[in-house]
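S.K.: Given next are the chains, with one letter for each unit.
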Amino acid sequence: MSTAYKTVTDIAGPLLFVEEVEGVTYDELCEVELQSGEKRLGKVLEARSGLAIVQLFESTQGITTEGTKVRFLGRTFELGVSEDMLGRIFSGSGRPIDGGPDIVPEKKLDINGAPINPYSREFPEDFIQTGISTIDVLNTLVRGQKLPIFSGAGLPHSQLAAQIARQARVLHKEEVETEGASGSDAKAEGKFAVVFGAMGVTFEEAQFFQQEFEKTGALSRAVLFLNTADNPVVERIATPRLALTAAEYLAYEKDYHVTVILTDMTNYCEALREVSAARKEVPGRRGYPGYLYTDLATVYERAGRIKGKKGSITQIPILTMPEDDVTHPIPDLTGYITEGQIRLDRGLHQKGVYPPVIPMGSLSRLKGKAQGEGVTRSDHSGVDAQLTAAYARGVEVRELAVILGESSLSETDKAYLKFADRFEKEFIAQGEQENRSIFQSLSIGWDLFMELPKAELKRVKAAHIEKYLKKRS
Amino acid sequence: MSKPTIVKVSGPLVVASGMRNAKMYEVVRVSKENLVGEVIELHGDRASIQVYEETSGIGPGEPVELTGQTLSVELAPGLLTSIYDGIQRPLELIQNQAKSPFISRGINVPGLDRKKKWDMKAVAKEGAMVEGGDVLGAVQETTLIEHRVMVPPHVKGKLLSVKSGSFTIEDTIAVIEDAEGKKHDVCMLQRWPIRIPRPIGKKLLPNEPLATGMRILDTLFPIARGGAGAIPGPFGAGKTVTQQSLAKYCNAQVIVYIGCGERGNEMTEVLTEFPHLEDPNTGEPLMKRTILIANTSNMPVAAREASVYTGITLAEYYRDMGYDVALMADSTSRWAEAMREMSGRLEEMPGEEGYPAYLGSRTAGFYERAGIIQCLGGENRRGSLTVIGAVSPPGGDFSEPVTQNTLRVTKVFWALDAKLAYKRHFPAINWLQSYSLYLDSLKGYYDREVADDFVTNRERAMTILQEESKLEEIVRLVGTDSLSPREQLTLEIARMIREDMLFQNAFEKADAYTSLKKQYRILRAILTFMDSALPIISHEDFEFINLQKLQVKEQIAQAHLIAEEEMEKFDLLEQEIIKQIGTLRTGDMSKASKEAVSA
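Protein chains in written order, with the working numbering: chain L, 1 to 473; chain S, 474 to 1072.
The hints are simulated quantities; they were obtained by calculation from the structure and are not laboratory data.
Be aware that one or more of the hints could be misleading.
One side only, chain S facing chain L, incomplete, derived with CB under 8 angstroms [stated by the list, open to error]: (1) GLY530; (2) PRO533; (3) LEU553; (4) ILE567; (5) GLN570; (6) LYS572; (7) PRO574; (8) GLY709; (9) MET740; (10) ARG897; (11) ALA1030; (12) LEU1034.
Restraint-style ranges between C-beta atoms, simulated for each label pair [to be verified]: (13) S/SER834 / L/ASP255: 47 to 55 angstroms; (14) L/GLU22 / S/GLU821: 25 to 33 angstroms; (15) L/LYS351 / S/LEU1034: 53 to 61 angstroms; (16) L/GLU432 / S/GLN570: 33 to 41 angstroms; (17) S/THR755 / L/GLU432: 40 to 48 angstroms; (18) L/PRO322 / S/GLY952: 49 to 57 angstroms; (19) S/LEU1034 / L/GLY308: 36 to 44 angstroms; (20) L/LYS108 / S/PRO753: 46 to 54 angstroms.
Listed next, the stretches of chain L that the computed footprint assigns to chain S, with coverage defined by at least 3 CB atoms under 8 angstroms from CB atoms of chain S [what the hints assert, rightly or not]: (21) 163-176; (22) 315-321.
Virtual Cβ for every residue (Gly too), placed ideally from N, Cα, C.
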């Protein structure tokens, strides 16, 4: 049993200063025992000779400078993992909260993980069909990608994430060759799992996901880590790491294809800011610590595929942009790390368009290899570029029409205006339960192109126009 | 005296006492895990050390070992085709030694293979007087590059012996006797500290463009060989795609690509793609002229700070051999943030936005290592190092410190624009904000090598684009009807320049690279259209719509797909333009408009 120190001198925010310590190491886990006998976990943020600065994962309420015992555990924060975690619900610090027994761990893993050697990575290129037109055609999701949803308060990001988790699957060869005619419920290869990490979300939101998983039978292959809004703020720093550690274990050791949903990253960043402020660090933009980029990278980069391993981790973090402002440090730094983003738009939402995914500002960086012959269909990338460009132009025309009146628009502009309206109603909008195949989505796109003069279709190949564009009656 | 011992650990910063013998920037081994670190501050016997590996589990009381060396890179044959982390450890060896796809700590692997033998042909004459930079021998390092083994920079004297044959990089290949009679054994392997620029003969003025094959860059905003350029832009605007295009197609002989704090999958893409891509000039795999440095965003932050210096020192080494080298750093903002993080942990007084006060001088020092030079040594070789740094300004706001400090020292500014990217216009480089200050020094080259009206045409194109933005504002207020025919023509030509010339698809094989000559012909064809149309549009019967309906416009739109070997097709195109516009002349006007009506 290690020494228990009773030398807490300062308590500030989530931080404890423990003096006269010996043999303490950086990032070491420790256990703080209150006078009442209650135990809380913390980790060492700074180790000096004779002083340790400890950050608690829970609140410091009730802790006294006298009588509190601190034990350093000689290891970093570890998560006991096993395949039995599937179907279980854990707290934000990894304790089971579904009333079930403790997990008998197969092994214990450091929750900080280790960076994947870029040399050992396999480039992700398997197309994932989510059944959502705006994602499949315009912002193609790839197995092993990290694609966040940039949302705002009150937008249906949870529904969208749940829909992706429910519908996402990889097409098999026959389906691509026959353009989906071979039936969709053919057996998919590989094992699938969902890991869900909630940071500071409301009880209702957490329930929404839980019920969603129960309803679709996905719960038995899901692992949930829940830190709700009333749980300790600092615990949120550990939650995504726990989720990703479980995901890495399932993906790289047990061959699962794991989809990780993390919500809400904004709460995570705010917890970081709180700790940083308590340490009196020099703040970067808007009070967030200067190392926010590095820290977020250690979360987001834990996605991908590894050479020689069957499993994969696809990450879908959700963040709500304060004031819908994409230049806010959280979405901004996230966008620099992740491989694109799905952006939700309040304007579309108010028009009643679900999912309100706006093509302008949404992006999938890995789509290049997941579009085209053999993967989806040869006209895919052309349709993608043409739809986005035409919609952008249509929105511009719409703004012009507000000033000048619709009658003063040229014929071409009017065509774009009509295109944009139909695009929103028929292509972007779809039902929450509607699962469109990529081929259906593409043909909606071709249908919309009929609104435009043929000479304007510069981004699609002539051969594809010949083949797919229906003749006007 | 006490032994060097750790007294404090805070993230990548470790403070140790008992460090009286330490030098600034000396490499040290930290703790029992043997982590690599570098001394960055000294106070009495206390030293602040930035550690290039993860420090969790390290604590006060553990030992620190001095190595006596400053952070250096190894220079010898074998660098090309390598993939390194930020401190020149080959990623492949890290994987082999760690026996895991994850990067573990305390791995100590040499930057270059010690056992491999290279065939060297002696070039220098025994008995001759040689000095730093003179070539001793030549090694065919890859099929593309002949590695020139040079006399180390500070050695000078009589060459006693030099051997041809098969050697490892540590074998002695030559002996030089200096003025004091001291004999120096020279092997292929040399070291150079990364924070000190390698010495040169003298700097020259850049006067040749670095051809990149990207039309907006080469025609509108060219960068010179030996120049420095910056690509700032918000995320999703195409920094990385542009940098990768440059690495693939620019006509430098050696490429150093630094992925500094970027995405792991993106580095993997480069790693898997480059060995299969062909060099457009030689047909050999691109990898044979490339060195990659990959320090992804979740790898230790201090190594990120070092990675740009590691990269530029390797680049300078090939420049010294007399090659044209291009270095891409993606992204320098991550490098600046790494400095900010270390500065914060050192509790330095922050400058703007928390960045250290020396951000400006460090940035300038880095870009100033670019240049076209006369190499060291008596042989009058010329080498060049072009540096292109990506900048990732928060929120795409160019007024932030990293962008501003970079713009002060770079002469080319390629401003990426999110709005263009949203419209899927690529490369999303804003033609109104971007600039190149090399136009004057490159004029001689264009007149000589391309055409004497290249520069005038370029200026005309820029004027048209600028006029377009003014006219668009008017259109937004009062509509197109109020514009004069001349102004309508300007809008039409500007659209052609944007869509048929500047738009370029990096993922389409036939479109990814365009030679300077072809770029000139595309632009000339568009301007021919303008010149032919100008005399007739002001006629009062003229219907502008007839001009817009001309079939030849589609041909212009396809002109970028004309093969490089079929340049004569441009002559036909220009004739066709003149002919078709000719049919619209006043005499035929009524006929043409009738046809338009019936259609």
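S.K.: If a hint holds in the structure, say so; if it doesn't, say that too.
M.R.: Here is what the structure says about each hint:
Because the beta carbon of S/GLY530 sits about 5 angstroms from the nearest beta carbon in chain L, less than 8 angstroms, this interface hint is met. With a cut of 8 angstroms, the hint placing S/PRO533 at the interface with chain L holds, because the nearest CB-to-CB distance is about 4 angstroms. Interface restraint check for S/LEU553: the shortest CB-CB distance to chain L comes to about 17 angstroms, outside 8 angstroms, so the restraint is violated. Residue-level restraint check for S/ILE567 holds (minimum Cβ-Cβ distance to chain L is 6 angstroms; threshold 8 angstroms).
Violation of the interface hint for S/GLN570 is found here, the shortest Cβ-Cβ separation to chain L being roughly 11 angstroms, above the 8 angstroms cut-off. Interface hint at S/LYS572: violated, since its Cβ lies 11 angstroms from the closest Cβ of chain L, which is beyond the 8 angstroms cut-off. Residue-level restraint check for S/PRO574 holds (minimum Cβ-Cβ distance to chain L is 3 angstroms; threshold 8 angstroms). Given the 8 angstroms rule on beta carbons, the hint for S/GLY709 holds: about 5 angstroms separates it from the nearest Cβ of chain L.
Taken as an interface hint, S/MET740 checks out: its beta carbon lies about 4 angstroms from the nearest beta carbon of chain L, inside 8 angstroms. The interface hint given for S/ARG897 is met, as the beta carbon of that residue sits about 5 angstroms from the closest beta carbon of chain L, less than 8 angstroms. Look at S/ALA1030: its Cβ gets to within about 7 angstroms of chain L, closer than 8 angstroms, so that hint holds up. Below 8 angstroms, beta-carbon pairs count as interface contacts, and S/LEU1034 has none with chain L, the closest being about 11 angstroms; its hint is therefore violated.
A hinted range of 47 to 55 angstroms for the beta carbons of S/SER834 and L/ASP255 is consistent with their spacing of about 52 angstroms. With their beta carbons about 30 angstroms apart, L/GLU22 and S/GLU821 fall inside the hinted range of 25 to 33 angstroms. Here the CB-CB span from L/LYS351 to S/LEU1034 is close to 40 angstroms, at odds with the stated 53 to 61 angstroms. At roughly 50 angstroms, the beta carbons of L/GLU432 and S/GLN570 sit outside the given window of 33 to 41 angstroms.
At about 55 angstroms, the beta-carbon gap between S/THR755 and L/GLU432 misses the expected band of 40 to 48 angstroms. Here the CB-CB span from L/PRO322 to S/GLY952 is close to 38 angstroms, at odds with the stated 49 to 57 angstroms. Separated by about 41 angstroms at the C-beta atoms, S/LEU1034 and L/GLY308 satisfy the suggested range of 36 to 44 angstroms. In this structure, L/LYS108 and S/PRO753 meet the distance hint of 46 to 54 angstroms, their C-beta atoms being roughly 52 angstroms apart.
Restraint check on the region 163-176 of chain L versus chain S: 0 residues with Cβ-Cβ distances below 8 angstroms, three needed, restraint violated. Counting residues of the region 315-321 of chain L whose beta-carbon sits less than 8 angstroms from any beta-carbon of chain S gives 0, not enough to reach three: the coverage restraint is violated.
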